[in-house]
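Using the sequences and the hints given, assemble the complete structure.
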Amino acid sequence: MSPATASSLGDWLEKHSTATGLLTVEDPVDPGVYEATAILAQLETPSGGPPVLFANLRNLSGERSPARMLFNTYSKRRSVGLALGVETDTWNDLLEALPQISANLQKPIETADVPVQDTVIQGDDLDLRILPWTRHVEMEGGLYFTPILAAKQPGSDRYNLSWNRVTYLDPIHAGVHISPRQLWSFQREAEQAGDDLPVAMVLGHHPAFNLAAAALTAIQIDEYHVAGALMGEPLQVAPSARFGEDLMVPAGAEMIIEGRLIAAHRVVEGPFGEYMRYLGPQKLSHLFEADAITFRPEPIILEIFAGHRDHLNAHVSIHASLLAAARTAVPQVTRVGWFQGGGPTTAVVALDKSADGQPMRAAMAILSAGNLIKQVIVVDDDIDVFDAQSVMWAISTRVRADEDVIMLKGLQGSLLDPSHPGFGTTAGFVIDATWRVGQTRPPVARVPEAAVSQFPLDAYTLKEA
Amino acid sequence: MHIKEVTCPRCGKISVVDGGLYEIGTIRLRCTHCGFYFEPPDSPRSKTVAQVTNANVPITIWEPEETA
Numbered sequence: 000m001s002p003a004t005a006s007s008l009g010d011w012l013e014k015h016s017t018a019t020g021l022l023t024v025e026d027p028v029d030p031g032v033y034e035a036t037a038i039l040a041q042l043e044t045p046s047g048g049p050p051v052l053f054a055n056l057r058n059l060s061g062e063r064s065p066a067r068m069l070f071n072t073y074s075k076r077r078s079v080g081l082a083l084g085v086e087t088d089t090w091n092d093l094l095e096a097l098p099q100i101s102a103n104l105q106k107p108i109e110t111a112d113v114p115v116q117d118t119v120i121q122g123d124d125l126d127l128r129i130l131p132w133t134r135h136v137e138m139e140g141g142l143y144f145t146p147i148l149a150a151k152q153p154g155s156d157r158y159n160l161s162w163n164r165v166t167y168l169d170p171i172h173a174g175v176h177i178s179p180r181q182l183w184s185f186q187r188e189a190e191q192a193g194d195d196l197p198v199a200m201v202l203g204h205h206p207a208f209n210l211a212a213a214a215l216t217a218i219q220i221d222e223y224h225v226a227g228a229l230m231g232e233p234l235q236v237a238p239s240a241r242f243g244e245d246l247m248v249p250a251g252a253e254m255i256i257e258g259r260l261i262a263a264h265r266v267v268e269g270p271f272g273e274y275m276r277y278l279g280p281q282k283l284s285h286l287f288e289a290d291a292i293t294f295r296p297e298p299i300i301l302e303i304f305a306g307h308r309d310h311l312n313a314h315v316s317i318h319a320s321l322l323a324a325a326r327t328a329v330p331q332v333t334r335v336g337w338f339q340g341g342g343p344t345t346a347v348v349a350l351d352k353s354a355d356g357q358p359m360r361a362a363m364a365i366l367s368a369g370n371l372i373k374q375v376i377v378v379d380d381d382i383d384v385f386d387a388q389s390v391m392w393a394i395s396t397r398v399r400a401d402e403d404v405i406m407l408k409g410l411q412g413s414l415l416d417p418s419h420p421g422f423g424t425t426a427g428f429v430i431d432a433t434w435r436v437g438q439t440r441p442p443v444a445r446v447p448e449a450a451v452s453q454f455p456l457d458a459y460t461l462k463e464a
Numbered sequence: 000m001h002i003k004e005v006t007c008p009r010c011g012k013i014s015v016v017d018g019g020l021y022e023i024g025t026i027r028l029r030c031t032h033c034g035f036y037f038e039p040p041d042s043p044r045s046k047t048v049a050q051v052t053n054a055n056v057p058i059t060i061w062e063p064e065e066t067a
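The listed protein sequences correspond, in order, to chains Y and B.
Each residue of the first sequence is one higher than the one before, starting from 0 at the first, in numbering that gives the first Met the number 0.
Each residue of the second sequence is one higher than the one before, starting from 0 at the first, in numbering that gives the first Met the number 0.
Source of the hints: derived by calculation from the structure; they are not laboratory data.
Owing to the predicted nature of the structure, the values given are computational and were not obtained by experimental measurement.
Glycine is no exception: its CB is placed at the ideal position from the N, C-alpha and C atoms.
Here are the in silico distance ranges between beta carbons for each label pair: (1) Y:Pro170 to B:Pro40: 30 to 40 Å; (2) B:Asp41 to Y:Thr44: 37 to 47 Å; (3) Y:Asp386 to B:Asp41: 40 to 50 Å; (4) B:Pro8 to Y:Asp29: 22 to 32 Å; (5) Y:Arg435 to B:Gly11: 55 to 65 Å; (6) B:Gly11 to Y:Thr327: 52 to 62 Å; (7) Y:Glu297 to B:Glu4: 36 to 46 Å; (8) Y:Ala37 to B:Trp61: 25 to 35 Å; (9) Y:Lys408 to B:Glu38: 31 to 41 Å; (10) Y:Ala217 to B:Trp61: 29 to 39 Å; (11) B:Trp61 to Y:Asp29: 20 to 30 Å; (12) B:Glu4 to Y:Trp392: 34 to 44 Å.
This is the structure:
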């Protein structure tokens with residue numbers, strides 16, 4: 000598999016406009032009153048919607064925003080593949096390709112060519128209202144973006160990329176929901192020392208850059224290196240306008256808001272349409288204070304159509320990480336399914352089982368890969384993990400609940416899981432829906448293939464009633 | 000996160016909030032519909048900011064200046 004070749008988001012769009020079915024809306028659109036997402040909702044199909052570029056957007060001051068905005072970059076599987084340089088419509092092909100692509104870590108290169116700093120707004124001129132903040136879904140608690148936050152671990156040179164929901168609060172402040180993973184840990188480290196954490200909110204880059212932010216990466220791996228792997232060449236970086244070399248930023252990005260996560264402060268933020276397909280509620284989130292807005296000429300903000308296919312498919316990196324984790328623990332794992340339409344905390348593992356105990360071992364690997372999954376169903380590899388009917392058939396016919404359903408207590412859960420009480424623990428289960436090794440399997444009821452060949456349908460006259 | 004529905008005393012509409020935030024009770028919630036900030040009157044006030052944020056430093060709640 001060949002990774003994507005890095006370029007700007009605009010170059011990527013132009014190159015793949017036909018293959019992705021890109022649509023452009025030239026009419027004036029106010030995304031703050033659901034106008035953009037209303038258009039997207041009407042274009043959405045069960046297999047996703049086309050990428051839509053809104054070229055004339057109203058900002059919070061009621062004027063034309065300097066930025067355009069792209070939605071549905073990941074809504075179609077084909078587009079996700081094109082982001083990674085993989086030509087396929089098949090989800091499993093992407094899952095298989097991603098670990099190979101991700102493994103080719105590339106060290107960033109510092110450059111003096113910094114398109115994203117073509118315009119730099121700081122000081123008294125700084126005003127977040129110039130941006131086309133967006134309302135996505137009903138009952139959302141404010142105006143939002145879904146940028147990538149780039150931050151450096153305090154006391155190290157390692158960068159983390161994190162995909163976050165960010166809401167407008169006033170001309171220099173925003174609220175940021177942060178899940179308790181790596182960025183959360185960085186902020187906590189800084190906060191304990193009494194320091195704010197410098198961050199760069201990247202509002203648009205090559206679509207592979209964003210997928211690097213969604214990867215489940217080991218804590219010691221620099222995610223700027225992962226971005227280089229997915230983009231197919233080293234990430235070009237440059238000193239930030241506000242923090243200089245203390246915060247290197249992606250030079251080829253479309254737009255960046257530089258600022259700090261303010262220590263010892265929280266703000267009421269939310270609700271927001273989340274990937275669980277519910278609204279994540281109003282909660283206490285982190286406070287961001289902006290120091291600079293930088294952008295290239297005619298920047299394009301890469302925005303997610305929250306709670307829809309675009310949002311779910313953007314988790315492809317996590318999905319691939321789950322497959323890799325399960326296969327590392329149990330090489331007999333063939334596929335991992337992660338229901339896109341209602342099972343964000345449930346994974347299905349298929350394996351070519353050679354020993355009892357492998358299902359539980361594979362399940363534990365997935366449960367341990369992050370805090371997203373709390374329920375795992377393990378099936379034999381004759382079951383299609385992407386087909387809920389097929390999975391339910393296995394559960395219905397291969398499970399003895401007293402032996403094959405294992406309850407798990409005391410798990411860390413996802414803050415966005417509405418069944419989960421915040422920072423308390425949650426519970427999960429493993430269902431082993433595989434045949435036991437050595438067990439005689441009942442034949443599946445089907446007509447012999449040889450008979451179907453011998454008696455082809457077109458040899459008969461079929462009269463309609 | 001457990002969800003709690005709260006009714007805005009100004010506009011009468013419902014917002015959905017984190018059950019933990021609601022149970023603190025001394026932090027003003029923001030009405031999703033009209034932007035009004037208010038303390039939930041029927042909160043049990045059974046949780047602390049530290050419990051809900053899992054922070055290990057004292058936390059100040061910040062609000063925009065133009066709150067109602």
